[in-house]
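J.: These protein sequences, in sequence, are chains A and B. Position one of the first sequence corresponds to residue 5 (this note's numbering), numbered consecutively onward. Position one of the second sequence corresponds to residue 6 (this note's numbering), numbered consecutively onward.
Among these hints, one or two may not hold up.
What the hints assert, rightly or not - List of simulated lysine to aspartate or glutamate pairs, EDC-like, C-alpha gap at most 16 Å:
| # | chain 1 | residue 1 | chain 2 | residue 2 |
| --- | --- | --- | --- | --- |
| 1 | A | K75 | A | E51 |
| 2 | B | K254 | B | E277 |
| 3 | A | K17 | A | D47 |
| 4 | B | K40 | A | D37 |
| 5 | B | K263 | A | E49 |
| 6 | B | K40 | A | D40 |
| 7 | B | K254 | A | D40 |
| 8 | B | K135 | B | E173 |
| 9 | B | K263 | A | D47 |
| 10 | B | K263 | A | E51 |
| 11 | B | K45 | B | D35 |
| 12 | A | K74 | A | E57 |
| 13 | B | K263 | A | D50 |
| 14 | B | K295 | B | E68 |
| 15 | A | K17 | B | D258 |
| 16 | B | K236 | B | D178 |
| 17 | B | K207 | B | D196 |
| 18 | B | K40 | B | D25 |
| 19 | A | K17 | A | D33 |
| 20 | B | K304 | B | D174 |
| 21 | B | K135 | B | E170 |
| 22 | B | K61 | B | D19 |
| 23 | B | K45 | B | D26 |
| 24 | A | K17 | A | D37 |
Said to hold, decoys possible - Partial selection, computed: residues in chain B whose CB lies under 10 Å from chain A:
| # | residue |
| --- | --- |
| 25 | A217 |
| 26 | F219 |
| 27 | V223 |
| 28 | N253 |
| 29 | R255 |
Said to hold, decoys possible - Here are a few chain A residues that sit away from chain B, every Cβ distance over 12 Å (derived from the structure):
| # | residue |
| --- | --- |
| 30 | Q12 |
| 31 | A15 |
| 32 | C20 |
| 33 | K26 |
| 34 | P27 |
| 35 | V76 |
Since the hints were derived computationally from the structure, they do not count as laboratory data. C-beta: ideal position from N, C-alpha, C; glycine also.
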Amino acid sequence: MAFEKIAQMIADKIDCDVTEIKPDTQFEDLSIDSLDITEIAMDIEDEFGIEFEADPSMKTVADLVAAVEKKVG
Amino acid sequence: MNFRIIGTGSYVPDNIVTNDDLAKIVETSDEWISKRVGIKQRHISVNDTTLDMGHKAAVKAMEDAGVTADEIDLIVAATISADAASPSLACMIENRIGADCMSFDVSAACAGFLFALETAIGYIERKRAKKVLVVCSDRMSKLLDWTDRSTCVIFGDGAAGVVLEACEDGFYDSVIHTKGGDDVINIPMHDGISPFYKVEEKKPFLFMNGQATFKFAVNSITHDVKELFDKTGLAAEDIAVVIPHQANKRIIDFAQPKTGIDREKWYINIEEFGNVSGASIPIALDEMNKKGLLTRGQKILFTAFGGGLSSGAVIVEW
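Bound conformation, chain A alone (with noise of 0.2 Å):
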C-alpha cells in the first residue's frame, strides 16, 4: 500500500510514468538527487501524518518505502 502511494508521489515529483517505478529502482537511475528526496520526504509526512527524515544511505525506492512502513507501524 505505502509503495502504490510512494510510487505516484515520485511520479509526480519527476513527472514520469508510475509504472516505471519498481522497488529495486534506484533514485540515481530516475536521477533524483538528495533534494528530491528530501522533498519526496515532506510530502510523505504530509501524506502518512509522520515526522520522516530522509537517510542519506536509501538507494532505492524500497529502502524508502521500508523506512516510511517501520515509522507507520
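Place chain B on chain A using the hints.
T.: This is chain B only, laid out in the frame that chain A set:
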C-alpha cells in the same frame, strides 16, 4: 504608529564569479549548480570590506529617500561578517555617513533584515526614532571554505539598505521565531590565541546540513506565512508581492504552492546574486523599486529563514 519605506539602495562588488569560474576551483559544474540551487553567478568582493559595501548601500538608500545624515535617528545594521567585533558595523556606517545618532547591529544571519525591521518598529512605536536607516551587509566569501563545493557555490557578497520613516497610516506586522540549532547551520569564529584555552577549535567556516536546512526553510516559509495571515486577518489575495530570502530556488519552488500565494507574485533574483544572507531581501526590494515594479499602497510580504535558527515573515505597506 507604523513606518513607510521611503528609500532603498544596494551595492554589490563588480567582480562576478560564474558557475564556470567555480568549476575551475572545485569539482562542480554550471549544470549542477543551476539545477541544485538556481544560481548562475554571484558577486564576490575583491577590495570591498563589509563596511565598504554597507556604507555604499546606505548612501544610495539615503539619496533615494532624499534624506541627509543629520535626519537619521537610528541605524540598525544586520550582519554576520562584520569587519570587527567592535566597533559595530552600524557605528562605522554612522561614522562614514556623518550621522550623529544611536547605532547598533543585530545578528540573525539570513533573516537579519526582518529582525532589523522588527527592532526598528519598536523604536518608532516608542517615538524614539522618526527616521531609521536599516542596512544589511555581508561578505559571505570570508566565511566560506572554498574547498567545500556544497557551500561555496551558494553564497555571494553584497549589501542593501532602506530608510524608514514613521507614519500614522501604512501597515506593518510580523512573526519572528528562533530556536537554537548549530547542528543545522553553524559558522564558528576563530578561538583566538589564548595560551590557557584548551577547547579544540572548530574550522571557522560555514557548515550547513543541506537537507535539514531545506526542511527548516520550507517549513518556516509555510508556517510563518500562515501564522502571519492568521494574526493579521490578511489572505493571499491581499498580498501584491512576495520577496523571499533568496537561499535556494528549489526551496522557493517547493514552499510557494504550500502558501497559497500565486507564483507570479514571488520575486526571485537568486540567479544573479546567489544567497547574500540578510542583504538578499533588501537587494531584491531595491531592484524592484528601481525598476518601477512597486506601487504605493501595495502590501509586500517578506519571508526569511537561516542560521540561528531564525525565521520570520513581515507584511509592510509600500
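J.: Hint check: K17 (chain A) vs D47 (chain A), CA-CA at most 16 Å. Holds or violated?
T.: holds (10 Å)
J.: For K236 (chain B) and D178 (chain B), compute the direct alpha-carbon distance and say whether it is at most 16 Å.
T.: holds (9 Å)
J.: Are the Cα positions of K45 (chain B) and D35 (chain B) separated by 16 Å at most?
T.: The given pair, whose Cα atoms are some 7 Å apart, holds under the 16 Å limit.
J.: Evaluate the condition: distance from the CB of V76 (chain A) to the nearest CB of chain B exceeds 12 Å.
T.: holds (19 Å)
J.: For the pair supplied as a hint, K75 (chain A) and E51 (chain A), confirm whether the alpha-carbon distance does not exceed 16 Å.
T.: Holds - the C-alpha atoms of E51 (chain A) and K75 (chain A) are around 13 Å apart, at most 16 Å.
J.: Hold the hint about R255 (chain B) up to the distance rule: shortest CB distance to chain A must be less than 10 Å.
T.: holds (6 Å)
J.: Just to be careful, I want the Cα atoms of K61 (chain B) and D19 (chain B) compared with a cutoff of 16 Å; is the pair within it?
T.: Within the cut-off at roughly 13 Å; holds.
J.: Does K304 (chain B) pair with D174 (chain B) here, judged by a C-alpha cut-off of 16 Å?
T.: holds (13 Å)
J.: Measuring from the C-beta of N253 (chain B) to each C-beta in chain A, is the shortest one below 10 Å?
T.: holds (8 Å)
J.: Taking only the CA atoms, is the gap from K135 (chain B) to E173 (chain B) under or equal to 16 Å?
T.: holds (11 Å)
J.: Is the nearest Cβ of chain B still more than 12 Å from the Cβ of K26 (chain A)?
T.: holds (25 Å)
J.: Per the stated criterion, does the least C-beta distance between A15 (chain A) and chain B lie above 12 Å, as a non-interface residue requires?
T.: holds (17 Å)
Checked against the numbered hints above, the structure violates none of them.
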